[in-house]
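Just so you know, the protein sequences line up as chains A and B, in that order.
Quick note: the first sequence uses my numbering, first residue 57, plus one each step.
Quick note: the second sequence uses my numbering, first residue 57, plus one each step.
These are computed hints drawn from the structure, not numbers from a lab.
Just to be clear, a hint being listed does not mean it is correct.
[Claimed, not checked] Here are the computed lysine-lysine pairs in the BS3-like style, where the Cα-Cα straight-line distance is at most 27 Å:
#: 1; chain 1: A; residue 1: 139; chain 2: A; residue 2: 153
#: 2; chain 1: A; residue 1: 252; chain 2: B; residue 2: 231
#: 3; chain 1: B; residue 1: 87; chain 2: B; residue 2: 322
#: 4; chain 1: A; residue 1: 164; chain 2: B; residue 2: 164
#: 5; chain 1: A; residue 1: 213; chain 2: A; residue 2: 164
#: 6; chain 1: A; residue 1: 466; chain 2: A; residue 2: 322
There are 2 protein chains.
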Amino acid sequence: MTGEIISVGTELLMGMIVNTDAQYLANELNKYGFNLYHQSTVGDNMNRLVEAIETAMDRCDLLILSGGLGPTEDDLTKEAVAKYLGLPMVQDEQAVKDLNAYMAQRGKTITPNNYRQAEFPAGAHILRNSCGTAPGCVCETGGKLIAVLPGPPHELKAMFESGLAPLLEERMDSKFCSRYIRVVGMGESAVEYEIKDIIDAQTNPTIAPYASVGEMCLRVTAAVGKDEDPDALVEPVVQKICERLGDYVYSTHGVTLPRVVEDLLKQQQKTISVAESLSGGQICSDLVEIPGTSEVLLEGAVLYTDEAKIRLGVSQETIERFSAVSEQTAREMAEAMRRRSGSSIAVATTGVAGPGPDAGGHPQGLFYVGVADEQGSVACEFRARGSRVRVRSTAVLYALDCVRRRLLGKL
Amino acid sequence: MTGEIISVGTELLMGMIVNTDAQYLANELNKYGFNLYHQSTVGDNMNRLVEAIETAMDRCDLLILSGGLGPTEDDLTKEAVAKYLGLPMVQDEQAVKDLNAYMAQRGKTITPNNYRQAEFPAGAHILRNSCGTAPGCVCETGGKLIAVLPGPPHELKAMFESGLAPLLEERMDSKFCSRYIRVVGMGESAVEYEIKDIIDAQTNPTIAPYASVGEMCLRVTAAVGKDEDPDALVEPVVQKICERLGDYVYSTHGVTLPRVVEDLLKQQQKTISVAESLSGGQICSDLVEIPGTSEVLLEGAVLYTDEAKIRLGVSQETIERFSAVSEQTAREMAEAMRRRSGSSIAVATTGVAGPGPDAGGHPQGLFYVGVADEQGSVACEFRARGSRVRVRSTAVLYALDCVRRRLLGKL
Numbered sequence: 057m058t059g060e061i062i063s064v065g066t067e068l069l070m071g072m073i074v075n076t077d078a079q080y081l082a083n084e085l086n087k088y089g090f091n092l093y094h095q096s097t098v099g100d101n102m103n104r105l106v107e108a109i110e111t112a113m114d115r116c117d118l119l120i121l122s123g124g125l126g127p128t129e130d131d132l133t134k135e136a137v138a139k140y141l142g143l144p145m146v147q148d149e150q151a152v153k154d155l156n157a158y159m160a161q162r163g164k165t166i167t168p169n170n171y172r173q174a175e176f177p178a179g180a181h182i183l184r185n186s187c188g189t190a191p192g193c194v195c196e197t198g199g200k201l202i203a204v205l206p207g208p209p210h211e212l213k214a215m216f217e218s219g220l221a222p223l224l225e226e227r228m229d230s231k232f233c234s235r236y237i238r239v240v241g242m243g244e245s246a247v248e249y250e251i252k253d254i255i256d257a258q259t260n261p262t263i264a265p266y267a268s269v270g271e272m273c274l275r276v277t278a279a280v281g282k283d284e285d286p287d288a289l290v291e292p293v294v295q296k297i298c299e300r301l302g303d304y305v306y307s308t309h310g311v312t313l314p315r316v317v318e319d320l321l322k323q324q325q326k327t328i329s330v331a332e333s334l335s336g337g338q339i340c341s342d343l344v345e346i347p348g349t350s351e352v353l354l355e356g357a358v359l360y361t362d363e364a365k366i367r368l369g370v371s372q373e374t375i376e377r378f379s380a381v382s383e384q385t386a387r388e389m390a391e392a393m394r395r396r397s398g399s400s401i402a403v404a405t406t407g408v409a410g411p412g413p414d415a416g417g418h419p420q421g422l423f424y425v426g427v428a429d430e431q432g433s434v435a436c437e438f439r440a441r442g443s444r445v446r447v448r449s450t451a452v453l454y455a456l457d458c459v460r461r462r463l464l465g466k467l
Numbered sequence: 057m058t059g060e061i062i063s064v065g066t067e068l069l070m071g072m073i074v075n076t077d078a079q080y081l082a083n084e085l086n087k088y089g090f091n092l093y094h095q096s097t098v099g100d101n102m103n104r105l106v107e108a109i110e111t112a113m114d115r116c117d118l119l120i121l122s123g124g125l126g127p128t129e130d131d132l133t134k135e136a137v138a139k140y141l142g143l144p145m146v147q148d149e150q151a152v153k154d155l156n157a158y159m160a161q162r163g164k165t166i167t168p169n170n171y172r173q174a175e176f177p178a179g180a181h182i183l184r185n186s187c188g189t190a191p192g193c194v195c196e197t198g199g200k201l202i203a204v205l206p207g208p209p210h211e212l213k214a215m216f217e218s219g220l221a222p223l224l225e226e227r228m229d230s231k232f233c234s235r236y237i238r239v240v241g242m243g244e245s246a247v248e249y250e251i252k253d254i255i256d257a258q259t260n261p262t263i264a265p266y267a268s269v270g271e272m273c274l275r276v277t278a279a280v281g282k283d284e285d286p287d288a289l290v291e292p293v294v295q296k297i298c299e300r301l302g303d304y305v306y307s308t309h310g311v312t313l314p315r316v317v318e319d320l321l322k323q324q325q326k327t328i329s330v331a332e333s334l335s336g337g338q339i340c341s342d343l344v345e346i347p348g349t350s351e352v353l354l355e356g357a358v359l360y361t362d363e364a365k366i367r368l369g370v371s372q373e374t375i376e377r378f379s380a381v382s383e384q385t386a387r388e389m390a391e392a393m394r395r396r397s398g399s400s401i402a403v404a405t406t407g408v409a410g411p412g413p414d415a416g417g418h419p420q421g422l423f424y425v426g427v428a429d430e431q432g433s434v435a436c437e438f439r440a441r442g443s444r445v446r447v448r449s450t451a452v453l454y455a456l457d458c459v460r461r462r463l464l465g466k467l
């Protein structure tokens with residue numbers, strides 16, 4: 057089956073916002089086994105919209121339009137679908153009630169324009185919007201589907217998951233299941249090299265790699281019959297990949313690295329503190345991103361200058377003898393941070409973000425991670441490639457990974 | 057004149073990467089005065105590519121294709137353009153030399169496949185690639201242009217700026233100039249309300265608003281004749297907008313807020329330290345993002361627990377009497393941080409990121425920023441809307457903005 061995506065909105069055409077909806081939808085449709093050959097963006101213009109729908113419907117089985125469901129005259133997506141289908145627009149009673157309730161709850165006044173959001177092509181199946189005022193809808197024509205979803209990414213995602221995905225599964229006579237394997241410390245090509253034969257040999261489940269800075273994610277997706285258990289297909293492949301990649305896998309359920317570290321700390325009833333030079337506060341910030349961090353994160357320090365490192369407790373002699381960018385300094389930073397905060401474990405970063413080498417001649421990208429706990433302290437040396445931003449992002453991930461490995465008794 | 061963008065690549069269609077190239081190109085073409093009505097994405101498939109080029113060339117004056125310039129069999133973009141134009145592919149001598157030099161410099165071996173990157177539709181104007189191995193090209197047909205650019209965003213951007221933009225300016229008989237006004241602390245609709253008459257009255261320069269979390273940017277773009285000075289058109293409009301928006305404008309040249317704060321600190325020969333609860337290290341991390349931060353940033357602390365705040369020097373009585381989320385705590389955090397680090401100025405954040413209110417009943421989004429310097433200390437109360445991530449991002453910006461205002465004698 058072939059899917060197609062049309063993103064609607066002049067702000068997309070003008071480059072005012074980046075089109076993350078298209079990526080999300082493409083990824084989801086791909087997961088549900090749709091082939092995708094075209095994706096396009098058009099502005100809020102009736103003729104061009106109808107033309108784009110005609111072109112797409114000639115070549116796909118499922119068309120998803122996103123955006124253009126607002127209350128203003130500019131918002132034409134549902135009307136364009138009605139025009140393509142030759143159907144009138146009809147007001148939906150439940151949608152009117154929902155709209156009235158939503159606005160009343162927020163103490164907002166309804167203008168006549170708002171009721172446009174409760175109108176749909178006649179006979180459409182309406183998709184409720186749990187995060188906003190604009191419902192979406194699905195229309196069927198000649199065995200094909202046209203779905204209309206709202207533009208704001210969180211509304212789109214919620215409506216896809218709760219409204220459209222179940223419909224698709226129902227129609228498709230099969231059930232889909234995806235697992236996300238997250239890998240840190242191993243490059244994209246190294247990962248692909250290690251598991252190339254597994255990827256090539258698989259048709260169900262399929263395996264799709266997604267790379268980002270310093271880490272990557274492998275999506276394993278299986279399609280099974282309605283009464284089958286997709287896990288029976290997915291789990292053995294996940295296991296096989298984990299055997300190949302070993303410790304580099306930090307989650308087989310798509311959990312982020314800061315969350316994995318926090319979960320380990322909570323399980324082991326341990327606390328952490330962080331002393332950051334190179335990473336400059338980003339490790340703490342990533343940990344704080346997760347609700348409930350205060351249970352495990354006792355304190356953080358950003359020690360960008362030698363003076364601040366010494367104030368924390370790194371010895372001046374160490375910095376003079378080995379420099380601030382050294383294994384010794386990384387270890388002493390972690391040890392001193394742990395003493396000050398009284399945490400079970402402490403992690404520290406020091407290195408050269410760049411651009412260019414530091415005053416002492418250390419190359420850009422060289423960095424050290426120190427970890428201290430009740431058993432003592434260790435430091436690891438790393439080299440990251442790329443810009444200042446990439447070096448710092450890599451250092452954050454690798455520092456968290458050192459904590460993960462230490463907590464697992466593997467460092 | 058009408059422009060159109062075709063993004064080429066199966067990884068885009070499959071949702072493996074988000075299409076930032078299309079946003080960049082749309083924004084640039086818009087700046088150069090092109091109308092944009094369609095934008096599309098197709099995979100690495102010859103027939104579909106040629107069809108997409110035909111469709112686009114029927115309705116535009118300038119077509120930009122991005123992606124598909126690699127050395128593998130999958131990369132077909134230039135070949136598709138040649139096929140559309142009915143031209144053979146011809147090897148370019150200079151491109152071969154450049155390729156040999158690039159690979160030799162990196163100690164890499166050239167495979168026969170690599171030379172595909174030195175082949176172009178006959179007669180094409182070649183665009184050198186300063187960041188990679190794949191040159192782009194521009195072909196002319198019937199007064200219209202087809203430009204082919206590489207997919208990696210930094211290569212695309214560099215080639216657009218140095219290769220394609222000058223060609224466009226030359227053909228367009230006019231010169232373009234843009235200024236970026238950055239605004240913090242004022243919502244998108246408030247900004248648009250304040251300057252709506254200016255936006256509506258302007259045709260040259262044009263004014264385009266771009267909103268992001270907690271701040272927004274206004275692009276002011278003028279088109280002038282070859283021998284005219286675009287600044288003469290742009291500057292008065294920039295001034296007019298600044299008069300309306302006053303202190304909310306932090307840069308009229310697109311500089312980021314952390315950089316503006318760092319520049320002010322350097323100009324005034326001052327240093328800073330940061331005590332973060334709510335923002336959890338992100339203020340420091342944003343400052344550290346800028347090379348040369350060590351001149352001004354003496355120290356940072358992430359004090360997520362009451363104990364850590366007290367260890368820094370906040371009095372236990374203050375926290376017990378007013379709670380950790382209070383003006384008093386924010387001020388004492390800033391004062392204590394300044395004492396410990398010896399910095400000229402210190403800034404502190406404390407608040408409720410959510411989800412939901414804190415144990416003391418403070419609502420999600422409520423936060424305080426404390427600032428301390430040689431004149432004493434102040435605290436400001438703010439309320440941010442949205443998710444945990446949005447609340448924290450807003451707090452980072454508003455805290456930096458408090459420092460900016462304090463340094464300018466306006467807080």
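Evaluated hints:
no. : hint          : in the structure
1   : A:139 x A:153 : 26 Å, holds
2   : A:252 x B:231 : 51 Å, violated
3   : B:87 x B:322  : 34 Å, violated
4   : A:164 x B:164 : 64 Å, violated
5   : A:213 x A:164 : 25 Å, holds
6   : A:466 x A:322 : 18 Å, holds
Hint compliance for this structure: hints 2, 3 and 4 are broken, all remaining hints hold.
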